[in-house]
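Colleague: With chain A fixed as given, assemble chain B onto it according to the hints.
Read top to bottom, the protein sequences are chains A and B.
Here our numbering is used: the first residue of the first sequence is 1, the next is one more, and so on.
Here our numbering is used: the first residue of the second sequence is 216, the next is one more, and so on.
I should point out that these hints are in silico values taken from the structure, not numbers from a laboratory.
Model, not experiment: these values are computed from the prediction.
Beta carbons: idealized from backbone N, C-alpha and C, even for Gly.
Among the hints, erroneous ones may be present.
Which chain A residues face chain B? A few, computed with CB under 8 Å, are given here [unchecked claim]: (1) His127; (2) Asp173; (3) Ser174; (4) Pro175; (5) Glu179; (6) Pro192; (7) Ala195.
Derived BS3-like pairs: lysine-lysine, alpha-carbon spacing no greater than 30 Å straight-line [said to hold, decoys possible]: (8) Lys352(B) - Lys135(A); (9) Lys344(B) - Lys328(B); (10) Lys134(A) - Lys344(B); (11) Lys344(B) - Lys135(A); (12) Lys134(A) - Lys352(B); (13) Lys82(A) - Lys135(A).
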Amino acid sequence: MLASIPSLAACKVIGVRRGTSLRAQVEDRLGCGAHVCVRTEFRKLRALLTLALLSALLGACGDPVHDRAVDELGPEVPGVPKGPLHRPGQPCVLCHSAAGGDPPFSFAGTVYINAASATPIDGVEVHIVDSSGKKFSTVTNCAGNFIARPSEYSPDFPCWVSLRSGTVFREMDSPIYREGSCAACHSEPRGPSSAGHVFLIDDPTIEQAPVSQCH
Amino acid sequence: MPLNVASSVQIVILALGFYLPACGPNLEQQTAEQDVQLQAPSRNDFPPVSDALQLRCATLDCHGQAGRNLRIYGYGGLRLSATQSPLDFPTADAEYVASYDSVVGLDPEALSKVVTLQADPNSLSMIRKARGIEHHKGGQQMQTGDALDRCIVLWLQNKSDANPCIDVAQAPHPTTE
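Only chain A is shown next, with the shape it has when bound in the complex (with noise of 0.2 Å):
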């Protein structure tokens, strides 16, 4: 069956008649008259053919750990549509990238309260500072979710982050160097390789959380 492929192909690129030596009808068709010139030919098709063949092959290839990374995130949630507010908590950076294709983000997150607390918070402002003092800051929506776009903010990494709300001011202990999800570092439970999820308020006895605007 493959065998049969490249004069089917053949046929279906130059346009041939059926019925008659198939040399025959693509040196008619070319005008070139001459052996050699119909070789070259064929070969220029074969390699078309072989090229056409592998990007076909290799576009089925893809990543099967970021697949399964994504399909382990679920479906979207009932009643939330895809945009600013959906998936709060969730790495963002995994489908919003090249490799995601969704629109990409530098950085994106979400705020919580606090460390034990899964309500998210809106009105936080995030600070976010690059080795080369370039900054950017940004608010929480609804959902708890930032986003810094390529567009925005296109950070020379390590980098700096910080949340504040009114007085009370959140600093991340260590720098970010490479990771545009903050779930990536920052998801539930906590554990040996995960700092639980970003919260504002450390000590509810001394910080105040903001009263949210959203309903």
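Modeller: This is chain B only, laid out in the frame that chain A set:
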């Protein structure tokens, strides 16, 4: 008459078959290498080095990951105990030991030559990558002679000095606001 593809492949395979055995070390060399007692730098002097590596190399998004060949355990990063998280407790002795084992296990033969023969530290992939000589996904992390570089290299050469390691921890960084 031009050679067809099959003939060309056969010739290449035959040529490789003759060529490759000639490239490898001979049996005498292999036996001699096996007889060498490998040396590693001091484990007692490693904690300050590990603390410096922790800050500069071992965040959870880099060498603070269990899947890496070079993995560093400690406060602020990957923890050895399944019940601890990055910010729970200071780095434990067992974590220094685990990090030490990881570092000295990367290039043991080359490391031994650096320790005993004062061989060029650039013979170690860890140094080449951190200095940016060899491709490193995390980029260049030190330059020859800077604090992190001296901290690591002096330890490798059994001339440990904790001061440059402490300097790494105290290095200022840009402020976010």
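Colleague: Mind listing which of the numbered hints don't hold for this structure, in increasing order?
Modeller: Violated: none.
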